[in-house]
Amino acid sequence: MSTLWIFGDDVNTDQIVPGRFAPYMTSEAELRRFPFIEARPEFPELVQPGDVIVAGPNFGCGSSREYAAQALALCELGAILAPSFARIFYRNALNLGLPLIEVPAEELSPLRDRDPISLDLDSCELRHANGRIALRKPASFTREIWQAGGLIPYFQRTGHFPGEVAL
Amino acid sequence: MSTLSQQILSRASGRSAQPGDLITLTPDRVMLHDSIAPSVIRILKEQLGVTQLSNPDRVVVVIDHVAPAANLATAENQAALRKWVREQGIKNFFESGNGICHQLLIQEGLALPGEVVVGTDSHSTTYGAVGAFGTGMGSTDVAVCLAAGRTWMRVPEAIRVQVRGSFTEAGASNEHGVFELGPKDLALEIIRRLGAAGATYASIEIFGLDQLSIAGRMTIASMAVEAGAKAGLIWPGGLLDSPSWMQMPDRADYISEIEIDLAELQHRVARPGRVDDLVHVSEVQGLPIDVVYVGTCTNGRVEDLQTVARVLAGRKVATGTRLLVVPASAQVMQEVVEDGTAAALLSAGATFGPPGCGACIGRHMGVLAPGEVAVFTGNRNFTGRMGSPQAQIYLASPAVAAETAATGRLNAPSLAHSTPHLV
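Protein chains in written order, with our numbering: chain A, 1 to 167; chain B, 1 to 423.
There may be inaccurate statements among the hints.
Unchecked claim - Pair ranges (Cβ atoms, derived):
1. B/L239 with A/P41: 25 to 33 angstroms
2. A/R40 with B/G109: 39 to 47 angstroms
3. A/R127 with B/A263: 30 to 38 angstroms
4. A/N130 with B/G238: 40 to 48 angstroms
5. A/R32 with B/A369: 44 to 52 angstroms
6. B/D210 with A/E102: 36 to 44 angstroms
7. B/S16 with A/A129: 23 to 31 angstroms
To be verified - To give an idea of the interface, some chain A residues facing chain B are shown, with a C-beta separation under 8 angstroms as derived from the structure:
8. T3
9. I6
10. F7
11. G8
12. D10
13. C61
14. R65
15. R91
16. N95
17. T158
18. P162
Calculated from the structure, these hints are not laboratory results. Just so it is clear, CB atoms sit at the ideal spot from N, CA and C, and this is done for glycine as well.
Isolated chain B, as found in the complex (with noise of 0.2 angstroms):
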């Protein structure tokens, strides 16, 4: 057999797509966001000379970047987008809080197993979660795609990723008792292990998940290209129909492999500016936290939601921090009002946003100031993200963020505090 990017390049471009080779292929779904999609429809009209498109069922407009809008700039931006959207007849747009594009879209199932979906954001890895080819892409090649009905690629080579064991239940402890490991855990073990650029030019493929829930599958496929990935595929079984074309791959398929097993994970969380500068929370136990940040495209689903209340068991958010919870979708929001978890965190002393990117990207709604510090569950911690240079990001998973939110500083979840009954 042949690698899953390889068959469903192969699918997609009609041709055996080998490693290497350049290939031509029809999307299946082309995503654009607030934050590029005025520069893509800016070079399809000036450049390309493009005022209809030609295949707009094929498109998914999403605000959530900056949603809703901060300033007066991003304003105006959203109102051309919805203006050009209308003209389109772009039937797949959502708007300003919804939630997050990468969420959306398999929430809705605009992104399927087998299927090939391009985004004009580099987290379209999460398409993987599913079983999809998802990958990233810049405004020309987006507005070309559009323009041109089709797209260029190379095929990549890919890693294997072998998955042994599988994740304890909730506010369980593992046989080492560790508590609270979950998907962030696992996705920053893959960081750890291939590094910043382990994956460039390839794609991540793992294999062993079929237990895991899609938001956990979500988790992991966005941080592939963390790795450098052009695509981080999960094997689509277990509570997924792959299509009958689908197949297993064989081992020498791949480049390289990695095994991993779920029994040795640690908590661990990435030192500021490098995703892959990850230290056992032991090395950084104590640090002063100022802000606490849970959401984003990695980490602002429902299970993660409950985690954080599950380990926060009723204790109040320290006096000197703040967190701040963005669910990734208004469906995540509604599911945890009416599960209780809100009503957990808003006790706690969380304070909620309004589901999308919120400040992920730095733009708005909880960006940083200089000598702040921050845990962030989200997937990236280069200097300036979420604000200022000189503020400092720790990437973290849900559980180890509600740890320092309870206790004010960077902590790892300990026995003491387990009450698994409680959410």
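Extracted from the complex, chain A is given alone in its bound form (with noise of 0.2 angstroms):
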């Protein structure tokens, strides 16, 4: 079992990784310790590889700054779950091979912080104590960079980008 960890609405990027404390300022491989490192101080010592974020609309706001999508991903999160993401922090999760899901608000509403869950990617289903949420499918080339691990191996394996014609 995972477990999960509910956020609020419009979870912007200066308070996923502070400026403060990004890489240049601080150096890469101390970028584990940060994640929410005010905002929520107990998460990066806590969190276990495959917990669940679940959030409100417009996870993900703010900054290009990669090294948030790369905090979060360092804990090897199972997926990050909201109604929407904001759109250069879902790239950059993509390219990263971390699964954010869209799911609307109302689904998500049952859930609790904390809350014991599994997560199953390959059969789109979240289980929780109280029931089950079957996810939207994600696209095929979604799924291929998960697998692959990020887009570069996606990009180094095919040669492509997604939506390119092979070459």
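Two chains, two separate frames, one set of hints: put the complex together.
Quick look at the structure:
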């Protein structure tokens, strides 16, 4: 079983990794210590591989700093579920192989912080204490990038970008 | 016809770009700044095995995010970046002190109408000020783009903003007796109408600003990302020559449209934490303010600094309040020195910082302490953005910033101090 972490609406990149903690000011090797360092200081210590973040709309708004997505990818999250994601964060997470899944807010409303859950990305299902949520099936290229472990291994293996005819 | 985004992306990708399509294109420019370039270079070398860029002339590198270096880590990173720029033969390199990346690309003609410009910075939407499709990307996307010579993107739907009326002349009041409303007030009104996620995955395309200066257009385009937009394009009319292939889109091309009458603008500020938590200044009027910060890619240009000097109108900065002024570029600094604006600000008690991003990202030169309250002409008021998460940031126009500096309290400019002939 994994644990659920609930966050609010419009979670921004400065909450995920404040600019003062981002590499350039610190070292990239320290990044795993900083996700939500000020917004939720216990998160980097307690989060376990496979845990899932559930949040309100517009998760990841703000900066283009990939460190926000990278810090969460380093936690080996199972996925982040939200009604919508800010677009640069969405791309950054995809590029790093961190699954983001859009789920309507009403379907997420029964979930509570620290609930035990299990997530199965193959069957697109999240099981929780009071039931299950059927997740929308991702685009085939999205799944292929997740499986490859990010955009770079996907691009190196296929020689093309999503939507591009193979050269 | 089709939206400006579709027209530009169709030309760049060599195919008919429809909203939702995945396309591949070669950007006209790729901008990297000092904050993110180190990770791009690392990905190029370690993950992509690229030691020499095939097309360095498309690349622009700017040192602006921590300029000049604040500590040993940033100094070492900047030294490594300078070495890489030399090795790659990148000619468009702007040293620390030249100014903010977005200001420089437009100032130096490195972003032009109809071009596609990607940058390692979310405020790359600023290039829409000259009718370029500017968008921000993360390190991996930019590194792969440099290695492959192309990138991929989803063609966005577009929201149309139709602006009516015109801004009043500097120092004059509008028909409602409101003074000193400018491009920042329009930018905030667009955010207020759309909300912080109102344009997510879409582009914002703005019409009716042919009379507005490029500086004013940059203020508005820079903030498009604060509504979640992928790009914020302003129709390149008036002072700009749009390319012959760029046509006026039809209203039917857009997924939605908002209309804004400039005569109805108000002095508003965004309360701490959310860019779209906009209230009329009267709702927060009189709040004691520790720091007034004028600068950034949104409001650090000549006309912004002139507005501040005009509203100060010979008054001093209030005791207990600090006024920090950070010009967007060395050229801006030079111009405000030559026209007397800098002298007016200095005699009012302002402190000038060197051109660059300054304290906008809370890294140096004006970082906020716990409990401090700032009025900021920038674009983001997120918790912890400029320093302590216990500090508070109100987003405001240069005019509101100036009146606040003079009174030490959050205030909008009033008739009593308006002396338009002074500057």
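Checked hints:
1. B/L239 with A/P41: 25 to 33 angstroms: Distance hint for B/L239, A/P41 is violated at roughly 50 angstroms.
2. A/R40 with B/G109: 39 to 47 angstroms: This hint holds: roughly 45 angstroms between Cβ atoms.
3. A/R127 with B/A263: 30 to 38 angstroms: Taking Cβ atoms as reference, A/R127 and B/A263 lie about 56 angstroms apart, which means the hint is violated.
4. A/N130 with B/G238: 40 to 48 angstroms: Because 59 angstroms falls outside the window, the suggested range is violated.
5. A/R32 with B/A369: 44 to 52 angstroms: violated, 28 angstroms
6. B/D210 with A/E102: 36 to 44 angstroms: Cβ of B/D210 to Cβ of A/E102: about 38 angstroms, so the range 36 to 44 angstroms holds.
7. B/S16 with A/A129: 23 to 31 angstroms: This hint is violated: roughly 50 angstroms between Cβ atoms.
8. T3: The hint is violated - A/T3 has no Cβ within 8 angstroms of chain B, the shortest such distance being about 25 angstroms.
9. I6: violated, 18 angstroms
10. F7: violated, 13 angstroms
11. G8: The hint is violated - A/G8 has no Cβ within 8 angstroms of chain B, the shortest such distance being about 11 angstroms.
12. D10: holds, 5 angstroms
13. C61: holds, 6 angstroms
14. R65: holds, 7 angstroms
15. R91: Since the shortest Cβ distance to chain B is 6 angstroms, the answer is holds.
16. N95: holds, 4 angstroms
17. T158: For A/T158, the interface hint is violated, since the closest Cβ of chain B sits about 12 angstroms away, which is over 8 angstroms.
18. P162: With a closest approach of 6 angstroms, the A/P162 hint holds.
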